[in-house]
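Trainee: Given next are the chains, with one letter for each unit.
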Amino acid sequence: SAVISQKPSRDICQRGTSLTIQCQVDSQVTMMFWYRQQPGQSLTLIATANQGSEATYESGFVIDKFPISRPNLTFSTLTVSNMSPEDSSIYLCSTGRNYNEQFFGPGTRLTVL
Amino acid sequence: QKEVEQNSGPLSVPEGAIASLNCTYSDRGSQSFFWYRQYSGKSPELIMSIYSNGDKEDGRFTAQLNKASQYVSLLIRDSQPSDSATYLCAVISSASKIIFGSGTRLSIRP
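From first to last, the protein sequence lines stand for chains R and D. Final position of the first sequence in this note's numbering is 308; the numbers increase by one with none missing. Final position of the second sequence in this note's numbering is 128; the numbers increase by one with none missing.
Isolated chain D, as found in the complex (with noise of 0.2 Å):
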């Protein structure tokens, strides 16, 4: 089992719908999650932190955590052509490590 698992798509949305991405971690005592956002041939941005169970909402960016479960999703409101790249998950595992999620490529059809 991989400590991040992400689907590794391509997710396909149209504009103008929501697209949801998910992740899973294997650590049960990790504490920090991120979201990452990876154009092609660029290098990753920070997009969204969440640190505690339930939603974190910033703009059309919603992050949602569910500590019991272990998986951390987010979730993009009225998608855009702009929103298409590779989203990378990120989590601080219990020995202060941070792990990447191999990510998912996200496609928004106009």
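Bound conformation, chain R alone (with noise of 0.2 Å):
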């Protein structure tokens, strides 16, 4: 399995911002996922992230909130643009043949005041 890691950890932003998380990966992978998980709930795929492509988003997701990169096949980024209280979450990046087998990175805890 390949070994994620994401940036920042954690972070405490004020709303009306952006926050971009970063997400590495020590090999090449076709696609990259990113989820969001509040507190308490289960994963919600958030999008979609193919290199060479634009990111497929999930329903109730737009580009707008939540702008991808994926410049390449080893990195990724996912913007919550904006930001409410209602962002706070923790978003985690994963790899995945399709969506079968999910790796998952430590995940970003986000906390919007």
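Just so you know, the hints here were simulated from the structure itself, not pulled from any lab data. Keep in mind that the hints are not guaranteed to be accurate.
Derived CB-CB ranges, DEER-like [claimed, not checked]: (1) LYS60/D with PRO280/R: 31 to 39 Å; (2) PRO266/R with ALA35/D: 45 to 53 Å; (3) PRO266/R with ASP96/D: 45 to 53 Å; (4) SER100/D with ASN277/R: 38 to 46 Å; (5) THR225/R with GLN49/D: 16 to 24 Å; (6) SER264/R with GLU33/D: 44 to 52 Å; (7) ALA86/D with GLN236/R: 42 to 50 Å; (8) ARG78/D with PRO262/R: 39 to 47 Å; (9) PRO99/D with THR225/R: 35 to 43 Å; (10) ASN25/D with PRO203/R: 30 to 38 Å; (11) LYS20/D with PRO262/R: 23 to 31 Å; (12) GLN217/R with LYS20/D: 26 to 34 Å; (13) THR225/R with ALA113/D: 26 to 34 Å; (14) ARG78/D with SER196/R: 13 to 21 Å.
Below, computed lysine-lysine pairings styled on DSS-like, alpha-carbon distance capped at 27 Å [as the list claims (entries may be wrong)]: (15) LYS115/D with LYS260/R; (16) LYS60/D with LYS260/R; (17) LYS60/D with LYS74/D.
Covered stretches of chain R (chain D as the covering partner; in silico rule of three or more C-beta atoms under 8 Å from a C-beta of chain D) [to be verified]: (18) 224–238; (19) 295–306.
A quick note: this is a predicted structure, and the numbers were derived from the prediction, not measured. Glycine residues also receive a C-beta, built at the ideal position from the N, C-alpha and C atoms.
Grab the two chains, each in its own frame, and use the hints to assemble them into the complex.
Mentor: Okay, here's the thing in structure tokens:
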């Protein structure tokens, strides 16, 4: 399985600002995924990031709010834009063969005041 | 009806006993099923995958799939305190979407 790191591990932000989360994988992977896990809840897929193409967003998530970059096969970023307290969550990146057998990064714990 | 349902628990099991975790899903066309373990404050880690009806064993873990009844279960034999965690069931739907259940908290009491 790939080793995945995320930066920052946690942050406290003011409403209206934006935060970019970085995800680095130690090997080249075709598909990377971004999830959100709100307190006490399960994982919700935000989008799939493929290198060389636009990210594919799930229902309820839009590019203006969660722009994603995937400049190469080992790196991706997720930006949480114009944040509100409802965006407080843990954001996780992952890799996997399609959606099968996902391997997750350590997560970024975001608190929006 | 939730797409993937799990009892939130907590499920309390004595050390050494068998822990049985259950998951039901609504999409009859789902093809792939997974169990993830998530320790408090950590990210989920894959522990079992199962794709066809029947049992699949890996060490102390056994996954069971019954597509006709639309349930998948995870058995943990000889439960250890280190098994205390939240267990997430995940399903790949017929639309090729991954859907996670809300998880079952398992507590192994010494």
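Trainee: Look at each hint and say if it fits the structure.
Mentor: Now the hints, each set against the structure:
For the pair LYS60/D and PRO280/R, the supplied restraint of 31 to 39 Å is violated, since their beta-carbon distance comes to about 24 Å. Separation of PRO266/R from ALA35/D is about 50 Å and conforms to the stated range, judged on CB atoms against 45 to 53 Å. Distance hint check: the CB atoms of PRO266/R and ASP96/D are about 47 Å apart, consistent with the given range 45 to 53 Å. Taking 38 to 46 Å as the suggested C-beta distance range, the pair SER100/D and ASN277/R conforms, at roughly 42 Å.
As the Cβ distance of THR225/R to GLN49/D is approximately 20 Å, the hint placing it in 16 to 24 Å holds. At roughly 47 Å, the beta carbons of SER264/R and GLU33/D sit within the given window of 44 to 52 Å. Between ALA86/D and GLN236/R, the C-beta spacing of about 30 Å breaks the proposed range 42 to 50 Å. The hinted range of 39 to 47 Å is satisfied by ARG78/D and PRO262/R, whose Cβ atoms lie roughly 43 Å apart.
In this structure the hint that PRO99/D and THR225/R lie 35 to 43 Å apart at CB holds, the actual value being about 38 Å. The beta-carbon spacing between ASN25/D and PRO203/R, approximately 35 Å, falls within the hinted interval of 30 to 38 Å. In this structure the supplied range 23 to 31 Å holds for LYS20/D paired with PRO262/R, their Cβ-Cβ distance being about 30 Å. The hint said 26 to 34 Å for the Cβ distance between GLN217/R and LYS20/D, and at roughly 33 Å that hint holds.
For the pair THR225/R and ALA113/D, the supplied restraint of 26 to 34 Å is violated, since their beta-carbon distance comes to about 20 Å. At about 20 Å, the CB distance of ARG78/D to SER196/R agrees with the hint of 13 to 21 Å. As the CA atoms of LYS115/D and LYS260/R are separated by approximately 21 Å, the hinted pair is consistent with the 27 Å bound. Between LYS60/D and LYS260/R, the direct Cα distance comes to roughly 26 Å. Compliance with the 27 Å bound is thereby established for this hinted pair.
Between LYS60/D and LYS74/D, the direct Cα distance comes to roughly 26 Å. Compliance with the 27 Å bound is thereby established for this hinted pair. Counting residues of the segment 224–238 of chain R whose CB falls under 8 Å from any CB of chain D gives 3; the rule of at least 3 is met. Remark: the segment 295–306 of chain R is confirmed as covered by chain D, as 8 of its residues place a Cβ nearer than 8 Å to a Cβ of that chain, reaching the required three.
Of the numbered hints stated above, those contradicted by the structure are hints 1, 7, 13, listed in ascending order.
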